[in-house]
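Trainee: Since the structure of chain A is already known, use the hints to place chains B, C and D on it.
Number of protein chains: 4
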Amino acid sequence: MASFASDNTAPVHPKVLAALATANNGAAPAYGNDRVTARLRETVAEVFHCPDVSVFPVFNGSACNGLALARMIRPYESILCHRQAHINNDECGLPEFFTGGKIVPIDGFGAKLTVAAIGDTIAHALEHAPHTSRPRAISLTQSTELGTVYSMDELATLTAFARTHGLYVHMDGARIANAVASLGCAPHEVVKGVDILSFGGTKNGAMLAEAAVIFNPVLAEDFAYIHKRAGQLPSKARFVSAQLQALLEDGLWLELGGHANAMARLLAEGLQTVAGVALLYPVEANELFVTLPRPVAQKLFAKGHQFYPWPAEGPEAYRLVTSFATTKAEVDGFLGEL
Amino acid sequence: MASFASDNTAPVHPKVLAALATANNGAAPAYGNDRVTARLRETVAEVFHCPDVSVFPVFNGSACNGLALARMIRPYESILCHRQAHINNDECGLPEFFTGGKIVPIDGFGAKLTVAAIGDTIAHALEHAPHTSRPRAISLTQSTELGTVYSMDELATLTAFARTHGLYVHMDGARIANAVASLGCAPHEVVKGVDILSFGGTKNGAMLAEAAVIFNPVLAEDFAYIHKRAGQLPSKARFVSAQLQALLEDGLWLELGGHANAMARLLAEGLQTVAGVALLYPVEANELFVTLPRPVAQKLFAKGHQFYPWPAEGPEAYRLVTSFATTKAEVDGFLGEL
Amino acid sequence: MASFASDNTAPVHPKVLAALATANNGAAPAYGNDRVTARLRETVAEVFHCPDVSVFPVFNGSACNGLALARMIRPYESILCHRQAHINNDECGLPEFFTGGKIVPIDGFGAKLTVAAIGDTIAHALEHAPHTSRPRAISLTQSTELGTVYSMDELATLTAFARTHGLYVHMDGARIANAVASLGCAPHEVVKGVDILSFGGTKNGAMLAEAAVIFNPVLAEDFAYIHKRAGQLPSKARFVSAQLQALLEDGLWLELGGHANAMARLLAEGLQTVAGVALLYPVEANELFVTLPRPVAQKLFAKGHQFYPWPAEGPEAYRLVTSFATTKAEVDGFLGEL
Amino acid sequence: MASFASDNTAPVHPKVLAALATANNGAAPAYGNDRVTARLRETVAEVFHCPDVSVFPVFNGSACNGLALARMIRPYESILCHRQAHINNDECGLPEFFTGGKIVPIDGFGAKLTVAAIGDTIAHALEHAPHTSRPRAISLTQSTELGTVYSMDELATLTAFARTHGLYVHMDGARIANAVASLGCAPHEVVKGVDILSFGGTKNGAMLAEAAVIFNPVLAEDFAYIHKRAGQLPSKARFVSAQLQALLEDGLWLELGGHANAMARLLAEGLQTVAGVALLYPVEANELFVTLPRPVAQKLFAKGHQFYPWPAEGPEAYRLVTSFATTKAEVDGFLGEL
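Protein sequences appear in the order of chains A, B, C and D.
Under my numbering, the first sequence has 720 at position 315, and the numbering climbs by one with no breaks.
Under my numbering, the second sequence has 419 at position 14, and the numbering climbs by one with no breaks.
Under my numbering, the third sequence has 411 at position 6, and the numbering climbs by one with no breaks.
Under my numbering, the fourth sequence has 657 at position 252, and the numbering climbs by one with no breaks.
Just so you know, not all the hints are guaranteed correct.
What the hints assert, rightly or not - Far from chain D, by Cβ distances over 12 Å, these chain C residues were calculated:
(1) 447
(2) 522
(3) 525
(4) 541
(5) 565
(6) 636
(7) 656
(8) 657
(9) 677
(10) 686
(11) 698
(12) 703
(13) 714
(14) 742
Unchecked claim - Chain C stretches covered by chain A per the calculated footprint, using a threshold of three residues with CB under 8 Å from any CB of chain A:
(15) 472-480
(16) 491-505
Please keep in mind that the hints were generated in silico from the structure rather than gathered at the bench.
None of the values given here were measured: they were computed from a predicted structure.
For every residue, glycine included, the Cβ atom is placed at its ideal position computed from N, Cα and C.
Here chain A stands alone, though its shape is the one from the complex (with noise of 0.2 Å):
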């Protein structure tokens, strides 16, 4: 049986656990004054060809996204995403905790925002100044909460959108491994335009470990406070550098992300030849959304797999999701039974 419930319920790969292994040795300077942590802000600034990138490792995702949004509005501005998106369903009002701020949720297929959307937004709140929220910054969720991801073009057309109109562009990239892989671009190449990437790693075989990478140098100015006041700054902050540092070597987060990938292609190939089974969106990361027939469903629920319906894409839909630790013959047994 397999567990496609989520890519958080996956354990942790080796590599990370050697690493805090490797970082545990004798005292270290606290609060990200270690050498870990140096080292990880350099092995940052080369992957993404930003010599003057700002790391700043956290605990967790949400707050990731929090911090960086908080950054960068003000308590009467707004933040544009999809009205799928994590940051507007998902983290019970963390934005609006951490930023004081209005998120402002928009429409678009495949949970991708579009220029066409965000502009009419943003006319209509400009002209309603001060009653209306000012747009500031929109926050793009790479790979998406739907699976799909974000083209090269797709991405130079907001981002470019978004200089012209002074907003701040944010990068959820929770499952950034999964969509660097998915296009097979370069790291940096994802990230052209983007000011903030909430970088993720503990959906990518980390145990607890994001940081937001601060590629625009404005932003990262007082963001040490915004850090801490947020609880957010780990005391033992080489343990938590020393995770992404090991997913960051050697394109280990790149070979994990591909491989979840390649998982999801596979079970999407093979739940397309079932009768009565269709795919709601393109199959580009780790996560498939999927109707199935409820006789199925429920076959694959008494046998232990672990998926979860997900309503609010119709009443036989179900969304599965592969991680680092899918196996082949998880998939291949899961197919199996159908």
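Mentor: Same frame as chain A, now just chains B, C and D:
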């Protein structure tokens, strides 16, 4: 050379690391619905003699305090604490952020609150309602920021007063193990009358693990929302819980706290024999506040020993902190330089 | 030329001004402990058949909504309202600011909420706890932002649903006088099942006066703190209360609201006879949403008439608002230009 | 019998009432885009010798302070004020609410800040960054909560210090008229080096009218959003502006403030002749803090005179406040009872 800079420059105890490896065993439900977290709750219930206890593992001590206080007060209410409290001085406004309310700092020797000082503050605030935030909680730090420990009698007096006046009692237990070891009491005795304990692991051998331990069942209600909304709900919670479980099993936490205390006493005894050195407060846990003649301090720094000047306590005041990892050889070496 | 720009461009009714002069009679206790405010509470109790009502005079309608909602929810909870609601669009994030919570916008014809739409949102949110803010209040605008009025049946259905699901009911009554006059009901009938009413005065002849009218005594508790902390407790409260008292005495509020409604109907009747003009929504209160051929609109603007384009309702959509001060001559003059 | 309870128990000055009637002249643009508000800005510019001043009329003094401070700091920053300041004691946490930041109370005689005390606080906070909120603004109350007035020299020293240390200067001028009248200076002299003044009207003959007067043009940017989002933007703003205009025209504000001061001095002179009565602070504005033998106080209360015990200043301490409406007859009558 020795690091007495802080107990969070220390490494992770080997048993904690081992527990992480053990917990890394295939897929497990996310968000605290795993077996390790369930077992942790049972262990805490046993240790603190509270069958109905609720336990919320979190990443960070400041955040743990903030969550507890956010559950206790409404934004128009206040929290009474000592002026030296971590929540007043060292969290960059996190408690105000998480609660929306007001921190009211109060004076008292050795960083301890007294009923007399609290009583005056409350009386004035209530007379002046609704122009002054209503006192609703007191926060006690055990052991305190000045290395002292509230006695059982002091705690009994304070918690009785709180109960009479409708105030919740929060205990900041970032160093609770040191306090319990110092008092030589049973763990449940030190939390009698406490509504929520911030149980500290990180300063006592964990990697990054604290827990909100809720003794008052009324306050457990809705805590899951507060936990999530603040970015403190670990998706792979088993790896936070496992750290705390490792500490609590077989009394490891008290053994480690007791060791740190013993090293502090050793240091104190040695320092007292040196001309011009004075202890500013009784050394009851693992922190020492001393005056050192400047040449002595400079010689120690020159040898590479690490500890902080503490100007708030005077121009020649310094703080030294021991930890579970401090060795007798380090203490002896340090004292040998004097 | 006529101003149909908004009901808050109107002046103050002479009886309101006279009441201010009357209230200006020597010293009086501050902060609402005066006789005028006490008398206002009694009047509201009579008008709404609620002997235990609590009344908190405030300066501003957005603030009144924010106070009411802040009393109803905790920061991890949400408020369900129509996407067109003032609290969602026109208050620059004040409700998020005052409550700390999340506004969840919902669709529905004529700016009205329906039980079906609310039900789906609640079900999804509760399934997803604690990752989604918990719905805790619904906010109904009466009359709505599109000039429609909830019928007694619609209100009964919504408030019954709310009661069943443990949701508080807030009514944004910035134009409550128009709604009551339109329905021809007794005032207490329109607030049946409502927990807090934002009673509007400013748009109906007051200078600057609204009141939080609390029917649910549970919500009156601690409201004084919320009132004060948000800067909405008038030190010389008698001068806010006197305005509302003047409106409520002898039914002046309903007379004025009814007059504004009548002027709106007159305008609607006249406009409907013009080729190319269409009403977008039923004209049930004092706001009209119409499509006007662009040349017609331009001619009217050129003559100095004031009203707003309303692009959210279409490229040729406009909003016209009447008030207590609108005269038949103004309406006739306006219609005469068409 | 006389009311010395507070200057906000006083009525409204007849010229203010008359100005409201004059402003009530047909339709006018809402939200401060009216002529009365434009004229007020010009008047303020003249009075304070600041052609580029921005003026935002608001309803309430606490809110005015909160808006000003919210513009000055980010949530991870702090405001330094005297422990006795209204923003620290009398606003139920409004400044923390509006700013998200921390209020740091500081001691000093006569409710006055000194450079020495501020300097220590700043040094400690900056050394401890980012664990302590960064000081970013000082708030001076002029006249102070204890009825004293900062001298021109004291102000020059404080504002120079602030400028050097990158701190904004807020002046809480709820009683600014009393201070200017007391100093006998030109109004622009008292605000030299001040970034935003909370200009008070309500305590000095207005009905409910204050204004954020912004001298530093950087801080005017985006203020409109803060103004709106806090529920302090009056829809019918002309009626707030008209009150302030009435006070500022022909120096009425200084005449009224000067009268209140004169009545306070008269009271002080009379009280000093009574055995057992002592003034606790110099009487420089319109507030007196005195010790009265309990039998004396009781006799006065029994006669119906109104004033408050002030236990924070001692068991026999009382506060008396005069206002524009206090008459010599009232003072003489009161003194005659002693």
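Trainee: State for each hint whether it applies.
Mentor: So, going through the hints one by one against the coordinates:
no.: 1; hint: 447; verdict: 22 Å, holds
no.: 2; hint: 522; verdict: 28 Å, holds
no.: 3; hint: 525; verdict: 30 Å, holds
no.: 4; hint: 541; verdict: 20 Å, holds
no.: 5; hint: 565; verdict: 31 Å, holds
no.: 6; hint: 636; verdict: 3 Å, violated
no.: 7; hint: 656; verdict: 22 Å, holds
no.: 8; hint: 657; verdict: 16 Å, holds
no.: 9; hint: 677; verdict: 25 Å, holds
no.: 10; hint: 686; verdict: 23 Å, holds
no.: 11; hint: 698; verdict: 26 Å, holds
no.: 12; hint: 703; verdict: 21 Å, holds
no.: 13; hint: 714; verdict: 16 Å, holds
no.: 14; hint: 742; verdict: 18 Å, holds
no.: 15; hint: 472-480; verdict: violated (count 1)
no.: 16; hint: 491-505; verdict: holds (count 8)
Going through the hint list in order, the structure does not satisfy hints 6, 15.
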